[in-house]
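Peer 1: As a plain string of letters, each chain reads:
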Amino acid sequence: MSWRGEDFYARMGVRVLHAMEAERVDPEARRVILSTGETLGYDALCLCTGSHPFSPRFEGMETVEQRFFFTTLADALALEAAVTPETRVLIVGAGFIGLKCAEGLRDRAGSVTVCDLAAHAMNANLDGDASAILERHLEKNGLRLMLGNTVTRFEGDKAHMQNGETVDFDVLVIAIGVRPETTLCAGAGGKVNRGIPVNERMETALPGIWAAGDCTESLDVSCGEAGVLAVLPNASFQGRTAGKNMAGGEAVFDTGMKMNSIGFFGLHIMSAGTYTDLIYSEVTETDCKKLFARDGVLTGYMIVGDVSRAGIYTALIRNKTPLEELDLEALEHEPSLLPFGKVSRAKMLGGVV
Amino acid sequence: MKRVYVNEDWCLGCHLCEYNCAFANSGEKDMALALKGKPLNPRIRVEGDGSITYAVSCRHCKDPLCLRSCISGALHRENGAVCIDHSKCVGCLTCVLVCPYGAVLPGPDGAAMKCELCLQNACGEPACAAGCPNRAIVYEEREEAEA
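Chain order of the listed sequences is A and B.
1 is the number of the first residue of the first sequence in the numbering used here; add one for each residue after it.
1 is the number of the first residue of the second sequence in the numbering used here; add one for each residue after it.
Calculated directly from the structure, the hints in this document are not laboratory data.
The structure displayed is predicted, hence computed values, not measured ones.
Careful: at least some of the hints might be erroneous.
What the hints assert, rightly or not - Some chain A residues close to chain B (C-beta under 10 Å, calculated; not the full set):
1. 1
2. 27
3. 37
4. 201
5. 263
6. 333
7. 352
For glycine and all other residues, C-beta sits at the position ideal for the given N, C-alpha and C.
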């Protein structure tokens, strides 16, 4: 299960050092010290250290025998091996990771309960209207949700909840979130906020050191502020930008934003950008769409249900397209190329893009 | 490379391209057998209103956002065409999230679906263009635009 083809690194002339950790960076000497004791010199270094799962201290956590994270393939395989059709699973966290884990376990486990301190599922991405649709769908598909409620204390295979209930479980999954992995950068004396701050060229504050991906904090085009934009599309463009600059080229990546696309039991959810002023809202039993704009440009959206052509909205945010140039009404209900007018369309459909 | 180009002035809005596309990608030999009474899942879609119509399919961009954004590595290039490896697609639809043309679509099997220029099916070249009665859709090389 690899993103790249097996021959990729060989074909590109890249030497990969597997099962070796970069323990320390010495930016003055431009050296990386490996876990084997070996050192590697560099002219240009890129930190792509990703993120690690985050877990607050729960009282009695150490009394839980079967507890897992759900961020790596090894986590998933270990979890799968621990679950039988009788297993009662408790997942702490109703965000992307927790709910994707719940979806995967529903047919493998006896029962799946998901709790979250937030009042709504996917609280970071959806508002109450949108998550109500998702929550109904999840419950219809056999998940038990305990929202606005979290674990105060573990006692072996029992979770004492904030509202006084107890949940008996066999397997616990902690899916509260991930944090940028910044240890290496901090150890080298580099600046670290929530992530490693990078500019549009993916340079860190340390000379000769770049960073890309989930470990970074970079410009969010939808609000003009720096943030941790930890999803693959941003990571991919950041990596390419860093690579080009490290090799002496010129590249910038200045169109990053928070964006997510995910589905649970056939229900799709997309969100992008920043939720500023609501300009359009459409809520039914099964679908929800909200568009947000400020200063004449679209800044964000959330969609539950029919996500077709949502990329047209994403492009409006990315390109900061002035909404006054478009037939906004035609765009709100159903995205298409119609609102862009004949000249733009002729370029899109009649030229090489 | 040869691409599909659309001229909206010549589009009649007849939707034949959608039928030809769905047929070409059905794997069936008989059009009626392939399409009759079944949901149509073309990879090209006619958009428009009462007065304007035009067909939209994958532009096979020079620097495809979908390919760069694919979380599982399912999107890749084959002889220039942007294609989906269905065995790798996890159906997250991140490609739909980023395509500025709305040309990558949620497919009927949960995976994403897009125009692959009919290079993978029996048609061998885009069925939409081959069957367009008014040459509103053409499959050709436009050298000057490649620069």
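Peer 1: Which of the stated hints cannot be reconciled with the structure, identified by number in ascending sequence?
Peer 2: 2, 3, 4, 6
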